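Peer 1: This is what each chain is made of:
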Amino acid sequence: DQQVKQNSPSLSVQEGRISILNCDYTNSMFDYFLWYKKYPAEGPTFLISISSIKDKNEDGRFTVFLNKSAKHLSLHIVPSQPGDSAVYFCAATGSYQLTFGKGTKLSVIP
Amino acid sequence: DVKVTQSSRYLVKRTGEKVFLECVQDMDHENMFWYRQDPGLGLRLIYFSYDVKMKEKGDIPEGYSVSREKKERFSLILESASTNQTSMYLCASSERGKNSPLHFGNGTRLTVT
Numbered sequence: 001d002q003q004v005k006q007n008s009p010s011l012s013v014q015e016g017r018i019s020i021l022n023c024d025y026t027n028s029m030f031d032y033f034l035w036y037k038k039y040p041a042e043g044p045t046f047l048i049s050i051s052s053i054k055d056k057n058e059d060g061r062f063t064v065f066l067n068k069s070a071k072h073l074s075l076h077i078v079p080s081q082p083g084d085s086a087v088y089f090c091a092a093t094g095s096y097q098l099t100f101g102k103g104t105k106l107s108v109i110p
Numbered sequence: 001d002v003k004v005t006q007s008s009r010y011l012v013k014r015t016g017e018k019v020f021l022e023c024v025q026d027m028d029h030e031n032m033f034w035y036r037q038d039p040g041l042g043l044r045l046i047y048f049s050y051d052v053k054m055k056e057k058g059d060i061p062e063g064y065s066v067s068r069e070k071k072e073r074f075s076l077i078l079e080s081a082s083t084n085q086t087s088m089y090l091c092a093s094s095e096r097g098k099n100s101p102l103h104f105g106n107g108t109r110l111t112v113t
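Which chain is which? The protein sequence lines are A and B, in order.
Just so you know, the first sequence maps onto residues 1 to 110 in this note's numbering.
Just so you know, the second sequence maps onto residues 1 to 113 in this note's numbering.
Hints in this document: simulated from the structure, not taken from any laboratory.
It cannot be assumed that every hint is accurate.
Claimed, not checked - In silico SDA-like cross-links for lysine to any residue, where the CA-CA straight-line distance does not exceed 20 angstroms:
1) B:Lys98 x A:Met29
2) B:Lys57 x A:Tyr96
3) A:Lys54 x B:Asn99
4) A:Lys37 x B:Lys55
5) A:Lys105 x B:Ser87
6) B:Lys98 x A:Thr93
7) B:Lys55 x A:Tyr96
8) B:Lys3 x A:Leu47
As the list claims (entries may be wrong) - If you want the footprint, here are the derived chain B segments under chain A, 3+ residues with CB under 8 angstroms:
9) 40-48
10) 102-113
Unchecked claim - Derived DEER-like restraints, expressed as beta-carbon distance ranges:
11) B:Asp38 x A:Ser52: 21 to 31 angstroms
12) B:Glu95 x A:Gln2: 24 to 34 angstroms
13) B:Asp38 x A:Gly83: 21 to 31 angstroms
14) B:Asn99 x A:Gln2: 21 to 31 angstroms
15) B:Asn99 x A:Gly60: 13 to 23 angstroms
16) B:Asp26 x A:Gly60: 20 to 30 angstroms
17) B:Gly16 x A:Lys105: 27 to 37 angstroms
18) A:Asn67 x B:Gly40: 20 to 30 angstroms
These figures come from a predicted structure and were not determined experimentally.
C-beta atoms are modelled at their ideal positions from N, C-alpha and C, and glycine is treated no differently.
Throw the hints in and build the complete structure from the sequences for me.
Peer 2: The structure is reproduced here in structure tokens:
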């Protein structure tokens, strides 16, 4: 049973436009959510996180929105840059254990 | 900067061999993790450890074991490698506290033939 779902395996966006990556979760015990970015041949790197007591967290070009009632979160990247092209993983936790989604491959087209 | 170092980037082993994957972190983190990444399946947790000599099973521990004799080192052991264990293996560490972000190594690409 997949507790963290990223339903879009891939996304293409023009440089300068907004990228929106979506994530849904099913476990009500999750109270902390993170996004990781992964380039080929490298390990994932932490990007941004949000606690369940908030509905928005911003860090530069990256904003994460959390809708608890819908069990949905999204990552917005504005403006998108070619260097943002990577696989993005959504992750959630209610304990020490992180549960990851399957990832969305973002391609930013110059 | 946190550094998580995995001893090998690429490994090729034969079916039935015992395989050791080594991971070392230099930031005195209490928690360490082993994941595998497979296409279409994302990252799946194999084992984790929140203290020296402590270990907990993750989602897919079958066919694996771990060792944490020192705080900075967390080893993943494939007792008898099988072809379905061909994968990218990722080690990670984090500070104590359940919401501490994970810091990952660059991964070991293991091929079992």
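Peer 1: None of the hints should be skipped; say for each whether it holds.
Peer 2: Here is how each hint holds up against the structure:
1. Restraint check for lysine 98 of chain B and methionine 29 of chain A: the C-alpha separation of about 13 angstroms stays at or below 20 angstroms, so the hint holds.
2. The hinted pair formed by lysine 57 of chain B and tyrosine 96 of chain A meets the criterion: a straight-line CA distance of about 12 angstroms does not exceed 20 angstroms.
3. At most 20 angstroms may separate the alpha-carbon atoms for a hinted pair to count; lysine 54 of chain A and asparagine 99 of chain B meet this at roughly 14 angstroms.
4. A threshold of 20 angstroms between alpha carbons decides the hint, and for lysine 37 of chain A with lysine 55 of chain B the separation of about 27 angstroms lies outside it, so the pair is violated.
5. Restraint check for lysine 105 of chain A and serine 87 of chain B: satisfied, since their Cα atoms lie roughly 19 angstroms apart, inside the 20 angstroms limit.
6. Of the pairs offered as hints, the one joining lysine 98 of chain B and threonine 93 of chain A holds, with about 8 angstroms between alpha carbons and a cut-off of 20 angstroms not exceeded.
7. Distance hint between lysine 55 of chain B and tyrosine 96 of chain A is fulfilled; the C-alpha atoms sit about 12 angstroms from each other, no more than 20 angstroms.
8. At most 20 angstroms may separate the alpha-carbon atoms for a hinted pair to count; lysine 3 of chain B and leucine 47 of chain A meet this at roughly 16 angstroms.
9. Note: the segment 40-48 of chain B has 7 residues with beta-carbon separation from chain A under 8 angstroms; the three-residue rule is met and the coverage holds.
10. Coverage of the segment 102-113 of chain B by chain A holds [criterion: at least 3 residues with CB-CB distance below 8 angstroms; count 6].
11. Distance hint check for aspartate 38 of chain B and serine 52 of chain A: the Cβ-Cβ separation is about 29 angstroms, which falls inside the suggested range of 21 to 31 angstroms.
12. In this structure, glutamate 95 of chain B and glutamine 2 of chain A meet the distance hint of 24 to 34 angstroms, their C-beta atoms being roughly 28 angstroms apart.
13. Distance hint check: the CB atoms of aspartate 38 of chain B and glycine 83 of chain A are about 26 angstroms apart, consistent with the given range 21 to 31 angstroms.
14. A hinted range of 21 to 31 angstroms holds for the C-beta pair asparagine 99 of chain B and glutamine 2 of chain A, which are about 22 angstroms apart.
15. Restraint check, asparagine 99 of chain B to glycine 60 of chain A: a C-beta distance of roughly 21 angstroms satisfies the suggested window 13 to 23 angstroms.
16. At roughly 27 angstroms, the beta-carbon separation of aspartate 26 of chain B and glycine 60 of chain A lies within the given 20 to 30 angstroms, and the hint holds.
17. Distance hint for glycine 16 of chain B and lysine 105 of chain A: a CB-CB separation of about 35 angstroms, consistent with the stated range 27 to 37 angstroms.
18. Distance hint check for asparagine 67 of chain A and glycine 40 of chain B: the Cβ-Cβ separation is about 26 angstroms, which falls inside the suggested range of 20 to 30 angstroms.
The structure does not agree with numbered hint 4 stated previously, though it agrees with all others.
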